[in-house]
Structure formats: structure tokens, C-alpha cells
Amino acid sequence: MENTVTLNKAVNVVAYYFKNTGARLKCFPKRMEVDGRRVEFTETGLRHPVQKGQQLVHVFDMTDGNADYRLEFDAKNLDWRLVSIADMSYGAPLMRET
Amino acid sequence: MKYALNDESPQILHIDLNSCFATVEQQARPLLRGRPLAVTNRLTVNACVIAASYEAKAHGVKVGMRLSEAKELISDLITVETDPPKYHYVYQQLARIMKSYSPAVTMKSIDEGIIDFHGTRQAINKRPLTAIGYEIKQRLRDDVGRWMKCNIGIAPNRFLAKTAASLHKPDGLDVITHANLRQVLADLQLTDLTGIAERNQARLNACGIYTPLQFLDASAKVLKNQVFKSIIGEDWHQRLRGWEVDNHSWGTKSIGRQFVMDDYHASEETVRSRLALLCESTGLKMRHKGLCARGISIHLRYKNGDHWQARKAFRSTFFSNGEIYRRATLLFNQHPRADYVVELGVTAYLLETSHSHQMSILDEVNREVRLTDAVDQINRRYGNYSVTFASSASAKNKIKQKIPFGSTRYFELLIQQS
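Residue numbers (my numbering), protein chains in the order written: chain G, 6 to 103; chain Y, 58 to 475.
No wet-lab data here; the hints were simulated from the structure.
Just so you have them, the derived chain Y footprint on chain G, three or more residues with Cβ under 8 Å:
#1 41–51
#2 54–61
#3 64–78
Under 10 Å between C-beta atoms, here's a sample of chain Y residues computed to sit facing chain G:
#4 Ala85
#5 Ile135
#6 Arg437
We put the beta carbon where it would ideally sit given N, CA and C, even for glycine.
Start from the sequences, fold in the hints, and give me the full structure.
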């Protein structure tokens with residue numbers, strides 16, 4: 006995406022919240038620490054699984070009200086990665102086809 | 058042939074997600090909500106808009122429009138590239154919700170489906186269908202997210218249910234019965250009916266039919282012999298009266314893949330690398346469906362706008378990537394070097410059920426089967442194109458799997474590829 010900064014770096018998710026979605030209780034990140042900074046998520050966008058070969062990764066699209074964060078949780082290794090941050094400075098020019 | 062209106066109480070419920078990809082993106086990224094958004098398969102000026110949010114549609118952005126044209130309409134239009142796993146997840150959630158009401162669920166495409174309530178009302182779905190419709194809307198919001206909206210149409214047949222679902226967008230719920238059919242059709246244009254576009258409209262106009270009500274009042278004979286000049290006319294006659302004529306599924310006739318070149322001045326070698334990857338993708342789809350083919354066709358579009366196409370049917374069937382590429386190359390070598398190739402496609406046809414599990418008396422065939430199986434297993438484990446032709450290696454990062462319109466046949470493959 007145009008305005009997205011891809012980081013793909015390991016982060017600590019230090020607080021969670023739980024929500025009843027349909028038939029199941031699901032867990033979502035609430036607070037994340039990255040580069041000594043604390044990010045408090047205010048809303049969950051979408052949580053969806055992604056298959057990477059045989060590996061299943063859960064993708065969480067979260068926001069803190071200022072930027073959208075894409076987090077990945079590896080259910081096998083139990084680690085979190087901050088994949089990208091998208092802020093509100095939209096509208097960069099499109100690539101021109103040669 | 059039934060001449061009266063179908064007065065059965067409506068049992069078909071059609072669900073249509075509103076601006077599906079755009080809404081899902083807005084659900085996933087709360088900061089995009091309420092903003093004009095266009096979803097495209099590629100972030101280039103010539104890419105077309107495959108979904109626009111309602112905020113963008115309000116400014117005239119339409120599906121199919123070039124991104125550069127959309128940007129002219131809205132200077133601060135936000136553009137995002139498609140993200141298939143998200144849409145697949147929402148599709149699965151929608152299908153799961155629908156299947157909890159009736160086993161007779163048909164997913165028509167990635168963003169719409171039909172529930173047939175025939176035979177379920179006595180025991181499990183005793184409530185009115187409108188109540189079930191509102192419950193589905195709420196469950197979609199609870200299970201996926203509060204920004205998700207869907208249109209619901211309830212009617213005696215699939216066509217009228219789809220028409221009902223398009224009456225009040227977004228987030229509408231409408232019912233069409235024999236009692237209000239004329240009233241609903243009176244407010245519509247011919248092209249508002251699914252299946253009536255410019256050409257069919259011209260056919261109808263030529264016979265003096267200008268409105269859906271005149272279409273409804275036309276006799277089956279006129280529609281069959283004068284308007285459509287085929288059995289299709291009788292189908293329309295029944296469809297408009299609420300009788301079911303669309304409850305059938307079509308088999309797979311051909312499998313293929315096409316690609317608009319990433320470079321409009323690509324060398325022959327580059328085009329061949331793209332062709333190799335398209336052949337691999339076609340082979341993957343074919344084996345996923347348990348099919349093999351006897352015919353192959355390729356088509357090219359040149360920079361000057363000319364098209365070229367060639368096809369050939371073979372005596373023996375084929376299913377492996379190597380064989381598809383070899384046979385496609387036979388055809389490709391014949392293409393006139395008129396100009397730069399800007400679009401190419403490969404299609405396998407004359408499809409048959411594959412008997413690759415049956416051991417052959419020819420050892421070379423057995424070797425080919427075992428090799429293909431081994432490569433497919435590796436690719437399933439580590440993601441598609443982990444093992445690929447050396448010649449298509451450069452195309453691997455250029456040709457990405459995109460969202461298919463109309464069909465959900467290759468969804469599992471698509472997710473594996475992403």
C-alpha cells in the first residue's frame with residue numbers, strides 16, 4: 006500500500022483482551038511495546054488467519070486512533086511481529102507503467 | 058410453462074456484501090472508514106478499480122474504471138491493493154453463518170450467496186424470513202466486524218431475490234412477492250435487472266419493450282420467437298413471474314490464466330518467462346480439480362491493439378506443468394512478431410477426469426506423475442512456486458494471484474499461493 010511502512014520486526018504484546026465473537030471467545034492484543042514506545046490499541050479491525058505453506062499465522066489489523074498496525078502472531082512459535090504501520094498521509098502518486 | 062405469477066411465500070434469501078473488498082478493507086483498517094477508497098489488483102495508473110467504497114461511489118467512481126480516471130474524480134482517493142486472505146476469511150464467515158440456517162446454500166461468488174429455505178421452515182426456521190435476514194446482518198457484524206454491511210433480498214426465486222437485494226443499498230432488506238412484484242418493477246429500468254445489459258436492452262427495445270413492466274407483460278411466445286430468438290426467452294418469462302429456472306450448476310469447460318504484462322516493452326525472453334508461470338498456474342488449477350486436458354490455446358494482445366490467438370487439440374491428455382508449457386510453446390513460437398506483447402493468456406480445454414493415479418504401462422508416464430506429485434507436495438508445504446521452472450523464476454514476483462470474480466472454485470489454491 007502506498008502509505009504503508011513495512012517493518013516486519015519482533016514486538017512485545019503486553020496486554021490482551023477477550024471478546025465473544027459468534028460461538029468462540031477470541032483473544033486480541035491490547036497493548037504493544039515497540040522501540041521503547043507503548044502503543045495502546047483502541048480498536049480491532051479484522052483478525053484473520055493466513056496460511057504460509059503449512060504454517061498458520063494470525064493477522065491482526067489494529068488501530069490506536071492515529072495509525073493502523075498490522076500484527077502477525079505465529080501460533081507455533083508464539084511470537085508477535087509488527088508487519089507494517091499505515092498512517093493517514095494518503096495519496097502518494099501511483100506508479101506509471103512503462 | 059407456467060403463465061401465472063408464482064404465489065408461493067418467498068423461500069429464497071439472497072445475501073450480497075456491499076462493496077465487498079472495499080468494506081472489508083475499511084473493516085480491517087478503521088482509519089479508512091468514511092473515506093473514499095478504491096481497491097485494485099495493482100497500484101498502477103492503468104489498473105482498474107475492482108471495488109469502490111460508498112464514499113467513492115458517491116463521487117462517481119465506478120467498478121471497472123481506470124485508477125487514473127478515478128483519481129481525476131477524487132484527488133484524495135485512497136487506493137489499496139487486494140489482500141485475498143482477508144476476503145477469503147470474510148467469505149468463510151459468511152458461508153458459515155448461511156449454512157447454519159439451511160443445508161441448501163449456494164455461494165454465487167466471493168461476496169454473494171443464496172439460502173434456499175424449502176423444506177426447512179416446518180422444523181428449524183419457523184420465524185419469518187425477514188427476522189432471519191436481520192439476524193444474519195447482526196451475526197455478520199458480531200462475527201466479522203461492526204463495519205460489515207450486507208444487502209438481503211427475499212423472493213420466490215433466485216432472480217427476484219437478487220433483484221430485491223439490489224433495491225436499497227447499502228444495508229437493505231427487501232422482499233418481493235407476487236403481491237408487490239408489479240409495484241417493484243414499476244420503479245426499475247430494464248438495465249437494473251440482472252442479465253439485461255445494453256445488448257439485451259436493445260433487443261427488447263427493438264420489439265417495443267422499454268420497461269420491466271412491459272417485459273413482464275410480454276408473452277412467452279414473443280420473448281422466445283421475437284426478442285431472444287431462443288429458449289432463453291421462455292426462461293425470462295418464467296424468471297420474471299417468480300418461477301425457478303436458475304437452479305443449476307455448470308461444469309468446468311476450460312481452465313486458464315491471463316496476465317497483463319508488467320513491462321509494455323518486454324523482450325521475447327521476458328514474455329516466455331511469464332508464459333511459463335501462467336502454464337504452471339494453469340497446471341496447478343487443473344490438478345486441483347482432478348482434471349487433465351487435451352487442448353491448449355494461447356492468446357496475445359500487442360501494444361498496437363492487435364490480437365493473436367492459436368489453439369490446438371492433441372490426441373493424448375496432459376496434466377503436468379512441463380507438458381502444458383511444451384505444448385503452449387509450440388503455439389507461442391508461431392506468433393507474429395508484430396509489436397510488443399502487452400497481454401498474454403493460456404487456456405486448457407477439452408477437459409477430462411484425470412487418471413494419473415492409475416499406473417501406466419509406460420514408465421516415462423509414471424515418472425512424470427511421480428515427479429509432478431513430488432513437486433506439488435513441496436509447493437503445498439512451502440507455498441506455491443517454491444519449486445518452479447528456472448525460466449519462470451523472474452516472473453514469480455511479478456505475477457501475483459489475484460481475486461477471481463464470479464467463481465470461488467480455486468479459493469483454497471489462492472490462499473495457498475498467497
